[in-house]
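Those protein sequences? They're chains A and B, same order as listed.
The first sequence begins at 1 in the working numbering and counts up one residue at a time.
The second sequence begins at 1 in the working numbering and counts up one residue at a time.
By construction, these hints were calculated from the structure, which means they are not laboratory data.
Every clue listed holds true.
One copy or two, either will do: identical chains are not told apart, so a pair holds if it fits within one copy or between any two.
SDA-like cross-link-like pairs, simulated, lysine to any residue; straight-line CA separation at most 25 Å:
hint: 1; residue 1: K389; residue 2: A33
hint: 2; residue 1: K252; residue 2: P302
hint: 3; residue 1: K389; residue 2: R37
hint: 4; residue 1: K429; residue 2: A25
hint: 5; residue 1: K209; residue 2: R128
hint: 6; residue 1: K432; residue 2: N282
hint: 7; residue 1: K79; residue 2: P344
hint: 8; residue 1: K23; residue 2: S358
hint: 9; residue 1: K87; residue 2: D71
hint: 10; residue 1: K432; residue 2: D180
hint: 11; residue 1: K24; residue 2: M396
Residues per chain are reported as follows:
Number of protein chains: 2
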Amino acid sequence: MPFPSLPDAFFRPRNIAVIGATKKAGFGGGIPAFLKRNGYGERLFLVNPRETEIEGLPVYRRLTDITGNIDCAIIIVPKMQVPAIMKDCLDKGVRAVILETAGFSETGDEGRTLENDIKELIQGTHTRVIGPNCVGLINPHDRFGSTEVDFDEIRPGNIGVIAQSGVFGNIVADWSPSQDMALSALVTIGNRIDVDESDMLYHFGADTKTDVIVLYLEGAKDGMRFMKAAREVARVKPVIILKSGRTEMGKKAAASHTGSMSGDDALYEAFFRQSGVVRASNFQELFDLARVFSREPLMEGPDISVVTSSGSLAVMAADAAHQLGLGFPDLGQETVEAVRSRAPAWMNVKNPLDVGPSGLFGTALKAALNDEKIKGVLAIPVIPGTIIKSMVESGMDPALLYGDPESIRKTAPGKPALVYSVGSEFWTKLVKDMFGPHFTLISSPDTAAKAFFALYKYRQFREKIKNEQ
Amino acid sequence: MPFPSLPDAFFRPRNIAVIGATKKAGFGGGIPAFLKRNGYGERLFLVNPRETEIEGLPVYRRLTDITGNIDCAIIIVPKMQVPAIMKDCLDKGVRAVILETAGFSETGDEGRTLENDIKELIQGTHTRVIGPNCVGLINPHDRFGSTEVDFDEIRPGNIGVIAQSGVFGNIVADWSPSQDMALSALVTIGNRIDVDESDMLYHFGADTKTDVIVLYLEGAKDGMRFMKAAREVARVKPVIILKSGRTEMGKKAAASHTGSMSGDDALYEAFFRQSGVVRASNFQELFDLARVFSREPLMEGPDISVVTSSGSLAVMAADAAHQLGLGFPDLGQETVEAVRSRAPAWMNVKNPLDVGPSGLFGTALKAALNDEKIKGVLAIPVIPGTIIKSMVESGMDPALLYGDPESIRKTAPGKPALVYSVGSEFWTKLVKDMFGPHFTLISSPDTAAKAFFALYKYRQFREKIKNEQ
Chain A
1 MPFPSLPDAF
11 FRPRNIAVIG
21 ATKKAGFGGG
31 IPAFLKRNGY
41 GERLFLVNPR
51 ETEIEGLPVY
61 RRLTDITGNI
71 DCAIIIVPKM
81 QVPAIMKDCL
91 DKGVRAVILE
101 TAGFSETGDE
111 GRTLENDIKE
121 LIQGTHTRVI
131 GPNCVGLINP
141 HDRFGSTEVD
151 FDEIRPGNIG
161 VIAQSGVFGN
171 IVADWSPSQD
181 MALSALVTIG
191 NRIDVDESDM
201 LYHFGADTKT
211 DVIVLYLEGA
221 KDGMRFMKAA
231 REVARVKPVI
241 ILKSGRTEMG
251 KKAAASHTGS
261 MSGDDALYEA
271 FFRQSGVVRA
281 SNFQELFDLA
291 RVFSREPLME
301 GPDISVVTSS
311 GSLAVMAADA
321 AHQLGLGFPD
331 LGQETVEAVR
341 SRAPAWMNVK
351 NPLDVGPSGL
361 FGTALKAALN
371 DEKIKGVLAI
381 PVIPGTIIKS
391 MVESGMDPAL
401 LYGDPESIRK
411 TAPGKPALVY
421 SVGSEFWTKL
431 VKDMFGPHFT
441 LISSPDTAAK
451 AFFALYKYRQ
461 FREKIKNEQ
Chain B
1 MPFPSLPDAF
11 FRPRNIAVIG
21 ATKKAGFGGG
31 IPAFLKRNGY
41 GERLFLVNPR
51 ETEIEGLPVY
61 RRLTDITGNI
71 DCAIIIVPKM
81 QVPAIMKDCL
91 DKGVRAVILE
101 TAGFSETGDE
111 GRTLENDIKE
121 LIQGTHTRVI
131 GPNCVGLINP
141 HDRFGSTEVD
151 FDEIRPGNIG
161 VIAQSGVFGN
171 IVADWSPSQD
181 MALSALVTIG
191 NRIDVDESDM
201 LYHFGADTKT
211 DVIVLYLEGA
221 KDGMRFMKAA
231 REVARVKPVI
241 ILKSGRTEMG
251 KKAAASHTGS
261 MSGDDALYEA
271 FFRQSGVVRA
281 SNFQELFDLA
291 RVFSREPLME
301 GPDISVVTSS
311 GSLAVMAADA
321 AHQLGLGFPD
331 LGQETVEAVR
341 SRAPAWMNVK
351 NPLDVGPSGL
361 FGTALKAALN
371 DEKIKGVLAI
381 PVIPGTIIKS
391 MVESGMDPAL
401 LYGDPESIRK
411 TAPGKPALVY
421 SVGSEFWTKL
431 VKDMFGPHFT
441 LISSPDTAAK
451 AFFALYKYRQ
461 FREKIKNEQ
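Make the full structure from the sequences, and use the hints.
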């Protein structure tokens, strides 16, 4: 059975109304300009009884004054006006409403009453609502968004992100380019009078552009429905969750932030384990895991290898891997020979494979990736910054020392292959350029271990499901 | 009793011999050029029987051919020549020998025998030796180093770093500028035939330029002596250690890397706790803690506050703080009133202090820092990238939204104050420029909690010692 999707009008609207458009700075002025800049000028209808023209576009007094069809409305009016505007949206048959206005249940009883009034209005209708108290969504594939972001920076891709608060969603979007995250869409769900995290899980579960789902959660709106959705969707796509509000202090902070009830963390933990959901333990790890799952194949066994020019960093990776239960087996005879035959006498051909200054990084990396026993490889190329800088500046091709990452990776596309590096800015940028397109960058040796572990466990989970069917 | 120091000649040599200097690329050519570039030309004596002139300097056949005094020798000859060269160093009365040559005990029995021969040579003499199998040290204060680094990038400061392998030391030095780490010195101790981690702990313990000591350790050369040194030095300065080789796999990797015996991790853990040593749990945390201890005062109590414009990030910090046992108390009446009097109705004046888009970040930050109950503050300024970019580009001073971090910090110099941010590159750079000089940057909300905890626990430790005396 396919998962229920949200109306396409949320992500690829034909005609968009911005209700509360203004000439002033802020959301009211920013969003119309942003949409126009991104090619939505001809399909953009602005509504505000006190304006006549904004950004060269006519301004309508009411939504119902617009003659054509409107499938998506972005509401940014003051909260007391929202019920009337929402009625207009219903009258107009708008399928997708993005309600950004804040000041509802998150501020106390008065706001809660108003929020409930709006909730009642939409019940039983064909109109779906995202918000209030959010910034809606962005869809980088079509450069559509209900919040201003820089689509020249944010990359379209296959990661669907579900956030709750608007600021958090915005900064995640802003951060994503430097984190090498390419997004199918990012949605902030706010106070969830209608669309909630469960709807979003199902939506991204069904969305063909989304391969990985990322969710930041303080507390589920409906715990039972959330668990059902997460369980069902995790069976078909990786679902990576950062659940905060784990502790008493965190719960208290979450309650005053989004009014979320964070629930018992031990229950969530047990549920995540059983249902194949990948749990990130912190913010950076959430994005590392998202990046890895969005680019790498799952891992077919627990055994990994590290190829490095820093023994120390390999020891850190080995510690982290061991703690998670991954294996670091001896390399196969063929692998050892492939490297040994070219290696200087001092070089230990072992796992981890520390090539030191032998110049055999590429050789070792290819051999390890093609070792039958090894199911995932972490490359840790490091080199003193002044050495590599003067080499490159004098015209040397770094491939002489590191091989050609593209062709090396092509010999083993079915195994996850990560790359970590550290050092001067010159070097880390070079690694990003050289390895980044072919090996997935990871932010620490520890996180690399965590990512391999998650790729392996999720594959086990998928295999288990297959066998049950 | 003062701690024993290494000869000053290691860090501020008067006359330096480079034995094994060459015209070729690599260490032999690089180090003489590097020292000359950094102003050591007139005090630099090159030795190599097969050369006559390098970098415009005369080359001596043997160290003993040099007429003047030599207090520091850097040895980069092939390993079989090392015993003869070392004899020359002894004859010449060189106080400080940096032996960079590799190929000794780390490569097997033959190398171990040679290493032992050298060890015997130096025993009972006044010559101290760092190495072999290392790159020696760097001292950014005097732009002296036995390995090529970029002293235009690496900042002189108060953090003393002890590393074992050369590559690791080099990449840490390369990384330090982007990590905002300012170094008193960085020493790689290699195979430790003489100077080891305990000597270095004592040395940095006595060094007036060093306020914080950072040690990456796979295994101590002499466990009992190391514990004694760490215990004694931690009583006077913070000692931050990343101990790897914690697990079976890590130990195995460490043994093949540096021949270190990593020992029982539980014993180390217990020892660190008792003796006030700060243990970092990973590579990034090691540098975060070093940066914080090098810049911030210790924390006088367990209670912290977070001032933020992202509730989500505050929840993450609260979770991490609670898990460590820190407190997140309600703010004092005065603090609440100072903020409340200027705050919009929707704003929750609580701890964490989420100022949202109120523009009161600076007001709230100052109030929290000056709250008597609060002993440490984490600032988390975040804002959608497009908003701040267009504001700044249209000439707005960000201080209108965030206050003046310099004057705010000056109101509470005695409390640790950290700053974390995330988002677009434009924004994170702005935060670094605005807050970075006055608040210490931290790499995650979790690490902020860990840093506060370490500052608090170390203060407790110091108080306990004081009371015992």
